[in-house]
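Enquirer: Chains as they are written, first to last, in the working numbering: chain E, 1 to 201; chain S, 1 to 486; chain U, 1 to 339.
Treat the hints as calculated values from the structure; they're not laboratory data.
Since the model is a prediction, treat every value here as computed from it, not as a measurement.
Fair warning: there could be bad hints in the mix.
Said to hold, decoys possible - The calculated DSSO-like cross-link candidates involving lysine-lysine, where the alpha carbons are at most 30 Å apart (straight line), are:
1) E/Lys24 / U/Lys142
2) S/Lys403 / S/Lys299
3) S/Lys453 / S/Lys433
4) S/Lys299 / S/Lys453
5) U/Lys186 / U/Lys19
6) U/Lys68 / E/Lys186
7) S/Lys158 / S/Lys449
8) S/Lys154 / E/Lys175
9) E/Lys174 / U/Lys82
10) S/Lys449 / S/Lys370
11) U/Lys312 / E/Lys175
12) U/Lys142 / U/Lys68
13) E/Lys88 / S/Lys165
14) U/Lys72 / U/Lys82
15) U/Lys82 / E/Lys180
16) E/Lys24 / U/Lys82
17) E/Lys174 / S/Lys449
18) U/Lys142 / E/Lys174
19) S/Lys299 / S/Lys354
20) E/Lys175 / U/Lys68
21) U/Lys68 / U/Lys82
22) S/Lys354 / S/Lys158
23) U/Lys312 / S/Lys154
24) E/Lys88 / E/Lys186
25) U/Lys72 / U/Lys186
26) E/Lys186 / E/Lys199
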Amino acid sequence: MLPVFFYLFSIIAIFSAIMVITTKNPVHSVFFLILTFFNSTGLFVLMGAEFLAMLLLVVYVGAVAVLFLFVIMMLNIDFSSLRAGMIKNAPLGLLIGAVLLGEIIFSFIGMKYGISEIPGNELFVKLSEIENTRALGNVIYTDYIYLFQCAGLILLVAMIGAIVLTHRRRENVKKQDAVKQTLRDKSDSIEVSKVEIGKGV
Amino acid sequence: MNSVSNISDLSIALPEIFLSLWLLIFIPLGVYSGGNKLNRQSYFSIFSIIGLLGTLFFLLMGDHRASLGFYDLVVTDKLIIYLKALILFAAIIVLIISERYRSIENLYIFEYPLLILFSILGMLVMLSSNNFITLYLGLELQSLALYVLAAAKKDSLKSSEAGLKYFILGALASGFFLFGVSLLFGITGTTSFTILSFNYLNPNEVSLLLIFSIILIISSIAFKLSIAPFHMWTPDVYEGAPTSITAYFAIVPKIAAIGVLMRILYIAFIDINFIWLQLVLVLGLLSIFVGAFGALLQKNIKRLLAYSAISNIGYIFLALSLGNQLGLESSLLYITIYAISSIGVFTFILSMEKDNIMLENISSYAGLSKSNPFYAVCLGILLLSMAGLPPLAGFIAKFYVFKAVITSGYLLTAIIGIIGSVISAYYYLNIIKVMYLDDSDESFIVESKVSMKIILFTSSLFILTFIIFADNIINFMTYISRAIIL
Amino acid sequence: MFDIFYNENFLAFIFIMLKIIGLVVPLLVIVAFLTYAERKVIASVQLRKGPNVVGPFGLLQPLADGLKLFSKETIFPTVSNKIIFLLAPMVAFSLSIAAWAVIPIADGWVISNINVGVLYLFAISSLSVYGIIMAGWASNSKYAFMGALRSAAQMVSYEVSIGLVIVTVLVCVGSLNLSEIVYAQKSVWYVFPLFPMFIVFFISALAETNRAPFDLPEDESSLVGGYFTEYSSMLFAMFFLGEYAAMIMMSGMATILFFGGWLPPFDIAILNQIPGFIWFAGKTSLMLFTFLWVRATFPRFRYDQLMRIGWKVFLPFSLLWVVLTSGFLIIFDLLPSSV
Numbered sequence: 001m002l003p004v005f006f007y008l009f010s011i012i013a014i015f016s017a018i019m020v021i022t023t024k025n026p027v028h029s030v031f032f033l034i035l036t037f038f039n040s041t042g043l044f045v046l047m048g049a050e051f052l053a054m055l056l057l058v059v060y061v062g063a064v065a066v067l068f069l070f071v072i073m074m075l076n077i078d079f080s081s082l083r084a085g086m087i088k089n090a091p092l093g094l095l096i097g098a099v100l101l102g103e104i105i106f107s108f109i110g111m112k113y114g115i116s117e118i119p120g121n122e123l124f125v126k127l128s129e130i131e132n133t134r135a136l137g138n139v140i141y142t143d144y145i146y147l148f149q150c151a152g153l154i155l156l157v158a159m160i161g162a163i164v165l166t167h168r169r170r171e172n173v174k175k176q177d178a179v180k181q182t183l184r185d186k187s188d189s190i191e192v193s194k195v196e197i198g199k200g201v
Numbered sequence: 001m002n003s004v005s006n007i008s009d010l011s012i013a014l015p016e017i018f019l020s021l022w023l024l025i026f027i028p029l030g031v032y033s034g035g036n037k038l039n040r041q042s043y044f045s046i047f048s049i050i051g052l053l054g055t056l057f058f059l060l061m062g063d064h065r066a067s068l069g070f071y072d073l074v075v076t077d078k079l080i081i082y083l084k085a086l087i088l089f090a091a092i093i094v095l096i097i098s099e100r101y102r103s104i105e106n107l108y109i110f111e112y113p114l115l116i117l118f119s120i121l122g123m124l125v126m127l128s129s130n131n132f133i134t135l136y137l138g139l140e141l142q143s144l145a146l147y148v149l150a151a152a153k154k155d156s157l158k159s160s161e162a163g164l165k166y167f168i169l170g171a172l173a174s175g176f177f178l179f180g181v182s183l184l185f186g187i188t189g190t191t192s193f194t195i196l197s198f199n200y201l202n203p204n205e206v207s208l209l210l211i212f213s214i215i216l217i218i219s220s221i222a223f224k225l226s227i228a229p230f231h232m233w234t235p236d237v238y239e240g241a242p243t244s245i246t247a248y249f250a251i252v253p254k255i256a257a258i259g260v261l262m263r264i265l266y267i268a269f270i271d272i273n274f275i276w277l278q279l280v281l282v283l284g285l286l287s288i289f290v291g292a293f294g295a296l297l298q299k300n301i302k303r304l305l306a307y308s309a310i311s312n313i314g315y316i317f318l319a320l321s322l323g324n325q326l327g328l329e330s331s332l333l334y335i336t337i338y339a340i341s342s343i344g345v346f347t348f349i350l351s352m353e354k355d356n357i358m359l360e361n362i363s364s365y366a367g368l369s370k371s372n373p374f375y376a377v378c379l380g381i382l383l384l385s386m387a388g389l390p391p392l393a394g395f396i397a398k399f400y401v402f403k404a405v406i407t408s409g410y411l412l413t414a415i416i417g418i419i420g421s422v423i424s425a426y427y428y429l430n431i432i433k434v435m436y437l438d439d440s441d442e443s444f445i446v447e448s449k450v451s452m453k454i455i456l457f458t459s460s461l462f463i464l465t466f467i468i469f470a471d472n473i474i475n476f477m478t479y480i481s482r483a484i485i486l
Numbered sequence: 001m002f003d004i005f006y007n008e009n010f011l012a013f014i015f016i017m018l019k020i021i022g023l024v025v026p027l028l029v030i031v032a033f034l035t036y037a038e039r040k041v042i043a044s045v046q047l048r049k050g051p052n053v054v055g056p057f058g059l060l061q062p063l064a065d066g067l068k069l070f071s072k073e074t075i076f077p078t079v080s081n082k083i084i085f086l087l088a089p090m091v092a093f094s095l096s097i098a099a100w101a102v103i104p105i106a107d108g109w110v111i112s113n114i115n116v117g118v119l120y121l122f123a124i125s126s127l128s129v130y131g132i133i134m135a136g137w138a139s140n141s142k143y144a145f146m147g148a149l150r151s152a153a154q155m156v157s158y159e160v161s162i163g164l165v166i167v168t169v170l171v172c173v174g175s176l177n178l179s180e181i182v183y184a185q186k187s188v189w190y191v192f193p194l195f196p197m198f199i200v201f202f203i204s205a206l207a208e209t210n211r212a213p214f215d216l217p218e219d220e221s222s223l224v225g226g227y228f229t230e231y232s233s234m235l236f237a238m239f240f241l242g243e244y245a246a247m248i249m250m251s252g253m254a255t256i257l258f259f260g261g262w263l264p265p266f267d268i269a270i271l272n273q274i275p276g277f278i279w280f281a282g283k284t285s286l287m288l289f290t291f292l293w294v295r296a297t298f299p300r301f302r303y304d305q306l307m308r309i310g311w312k313v314f315l316p317f318s319l320l321w322v323v324l325t326s327g328f329l330i331i332f333d334l335l336p337s338s339v
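Sequences and hints are given; from them, build the entire structure.
Expert: Quick look at the structure:
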């Protein structure tokens with residue numbers, strides 16, 4: 001049963017990864033990217049890393065890709081001009097791709113012929129023994145609490161930085177002040193005045 | 001099951017914990033009290049200075065003995081405490097001297113001191129890291145804050161360019177760092193400095209991959225220190241960033257990165273020092289010359305100081321490349337004196353303002369000796385010291401570096417270094433020439449805050465009279481540098 | 001070659017398929033009658049009669065509507081992006097059905113009892129924004145696009161507070177498994193200790209499913225029909241079904257997180273005799289009724305008000321509650337024991 005799903009997910013993942021870089025329409029590229037993420041999620045589940053799988057779905061597909069899509073849909077860039085450099089840059093891209101592919105192949109060969117003794121193997125928790133959400137929680141909040149907090153601070157800085165660089169205070173913007181609205185009273189907003197007939201206010 | 005941490009763990013990171021709590025108070029305070037109104041600004045500077053003083057207090061009151069904590073992710077010893085104190089001290093001074101500049105350039109946002117505090121926090125984390133992961137997180141925390149600060153002047157094209165340039169190249173350097181660390185982890189199975197220093201790196205079995213990973217790690221730190229040939233961003237960023245931020249860039253992050261480099265080289269990779277000795281040496285010599293020649297034709301004082309920083313850090317690399325105690329203590333001495341004289345020089349630059357326009361061209365300092373003799377004399381002393389004229393502090397720092405190099409048996413290296421130092425003396429002396437010998441069409445009187453005058457005066461006095469208490473300070477450097485050499 | 005049909009895996013596969021059909025078919029029927037219920041409830045609130053012509057009490061109305069939509073022609077706008085236009089309603093519909101895979105409707109009555117059930121639900125509900133964005137973009141129409149943008153921003157914003165509400169419940173339970181969340185409520189339903197969180201969850205659920213008073217994406221007075229302006233016939237019906245299925249899903253989620261799922265209110269013999277799925281269905285129906293009730297009662301929010309509530313009220317408030325709840329649990333040593 002398992003290999004069928006493995007091949008299903010990986011073939012679709014590879015196919016859609018290729019489509020990401022070959023489709024003409026950038027919005028289609030993003031949709032294919034989402035499909036790639038989705039299938040990698042499937043692969044994660046097959047490996048038994050269900051927590052990471054769901055996280056990938058929530059973070060990348062649910063948030064990051066939505067942002068991509070927003071930007072690409074709204075920007076309306078002339079993508080054909082961006083594509084003009086394709087032929088020029090293709091050899092470099094192919095070269096980098098070939099190097100990466102070579103590295104992967106070599107690492108597989110290495111795994112087959114004895115270099116599999118990777119030190120530090122004892123660090124990996126056996127996934128079957130403990131639910132992996134729990135396993136992650138156990139180390140993140142104890143052994144690595146210092147790093148976890150540091151990472152949190154980095155995200156905070158990133159947020160503050162984005163606000164500092166993009167937030168502009170504009171004049172004459174009317175804003176709703178909910179507290180002020182609800183605290184408004186009949187006495188300070190309505191005035192009853194007796195109007196004499198035929199004279200007006 | 002493991003407990004979260006015990007009390008001694010918390011006491012190791014007490015300064016960091018205090019500073020991050022202070023920051024968490026700072027943010028809502030800034031947002032809800034109308035933090036970007038003009039009249040509130042000095043309160044926020046004072047608030048952040050108090051925070052830094054508190055951090056300094058916890059740092060100095062804490063335990064000074066060498067110890068590990070947080071599952072060996074964090075380390076502290078005398079050297080780290082000294083460098084942290086130096087960083088906090090320098091940051092406080094920089095915050096004080098940038099007050100006036102911020103009012104002139106309309107940089108009145110409360111996020112400015114906030115981000116400076118964040119970057120300080122990052123540096124503290126970096127300095128007390130005993131693991132490449134901790135180091136990386138500290139580095140990113142510091143760098144992210146600095147990228148934003150470089151682009152803080154939103155309406156200036158140059159500032160935005162500086163921020164973007166710094167960000168892209170910095171991200172690339174972080175990538176190098178991570179690549180190097182992941183290779184190292186692949187080879188040894190650990191990222192902890194102490195574990196690496198024990199027995200995981202066998203000098204007899206050095207693989208090509210290990211050399212590659214060490215080169216990647218060192219070059220990414222060299223990027224943060226703007227060491228040649230990774231210095232390309234420095235002049236542009238220094239010129240484009242707001243001057244007060246440039247002052248901060250030139251002084252504070254350098255101390256942190258040097259401290260980290262000491263820890264990586266002298267603890268993690270000490271057993272295999274034959275790999276990095278020559279690398280660091282070549283980088284050092286190259287930077288001395290790039291800094292010396294690059295500065296010769298600069299018209300803008302900020303660009304000139306960028307090159308000056310490159311060559312000064314080059315001397316520290318030269319000292320570090322010795323791989324022994326002498327190198328360590330002379331580089332400590334050098335970074336201390338560099339920090340203090342840079343504070344002086346930048347105080348001077350931040351005071352130079354005419355009709356609410358900052359003067360950044362060297363030619364605009366012409367005739368300063370007549371119009372503002374106090375400033376001219378102070379800057380003269382500082383520049384003569386940087387040029388390496390005896391008996392000023394800069395001379396003593398350079399002297400110790402070269403003495404260490406020669407006693408370690410690298411006479412040729414010392415001679416090449418001295419030649420570089422002589423070349424760089426030219427542009428320092430050129431500024432003095434402009435101030436004292438050139439005539440200017442229009443003279444102006446510098447009106448500056450008393451606090452800035454005091455800082456300028458104190459730093460030049462320190463540089464001038466350093467030789468009197470030099471022995472004590474050098475003994476102190478020897479004492480703290482023993483923390484790292486076993 | 002035909003061995004495959006006789007081995008165990010194949011039987012298991014057939015069994016799973018039957019379970020799925022057993023869940024989806026009643027679900028679709030319920031969805032159909034939910035539309036009827038909606039019209040009846042709103043009619044009652046507004047003192048009208050509602051549908052009462054087709055069949056007894058108008059009960060066959062949904063069937064008639066379905067037939068009508070089914071027999072109409074599917075119209076593709078000429079400038080639309082055909083494939084994505086076609087794909088969008090399918091994505092929206094299948095995602096809202098897919099979420100049901102992990103929901104336990106009674107003790108052990110669940111298609112897939114996975115350890116990260118809550119996260120799965122959260123992930124699926126965050127994905128449902130794609131159906132809408134795809135529809136809005138592929139229609140190549142201003143109204144549809146504006147509707148899609150509004151909807152995407154709204155769903156992304158309210159997901160944050162939903163996430164924090166879920167975290168609060170998880171801190172009390174100590175597991176991400178939905179069945180265990182239900183078991184943990186054996187003594188007390190979480191709606192009582194975490195009542196404010198339930199309110200936040202309910203309001204966020206309204207926004208997440210684009211229901212009134214947060215139905216700005218399909219705000220007919222300003223956007224015609226929102227993201228499905230250009231849709232007709234079965235494609236439209238799929239959006240419609242998807243929306244109602246998502247509503248039921250959200251109600252089911254509220255039932256599991258706060259109302260003890262299939263558990264009876266009191267642990268006594270008579271109540272325990274009633275099968276679990278009836279409790280579950282009853283509680284879910286009550287939640288659904290509230291959805292409809294809110295729609296009949298409240299006027300629509302303005303968009304900036306919607307965003308302000310999401311980011312400036314719910315987010316800090318739910319964050320505060322996460323901290324308070326965990327602090328409380330730590331102080332009184334009530335944290336669920338860890339393995």
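Enquirer: Would you list, in rising numerical order, the hints stated earlier that this structure does not obey?
Expert: Violated: hints 2, 6, 9, 15, 17, 20, 24, 25.
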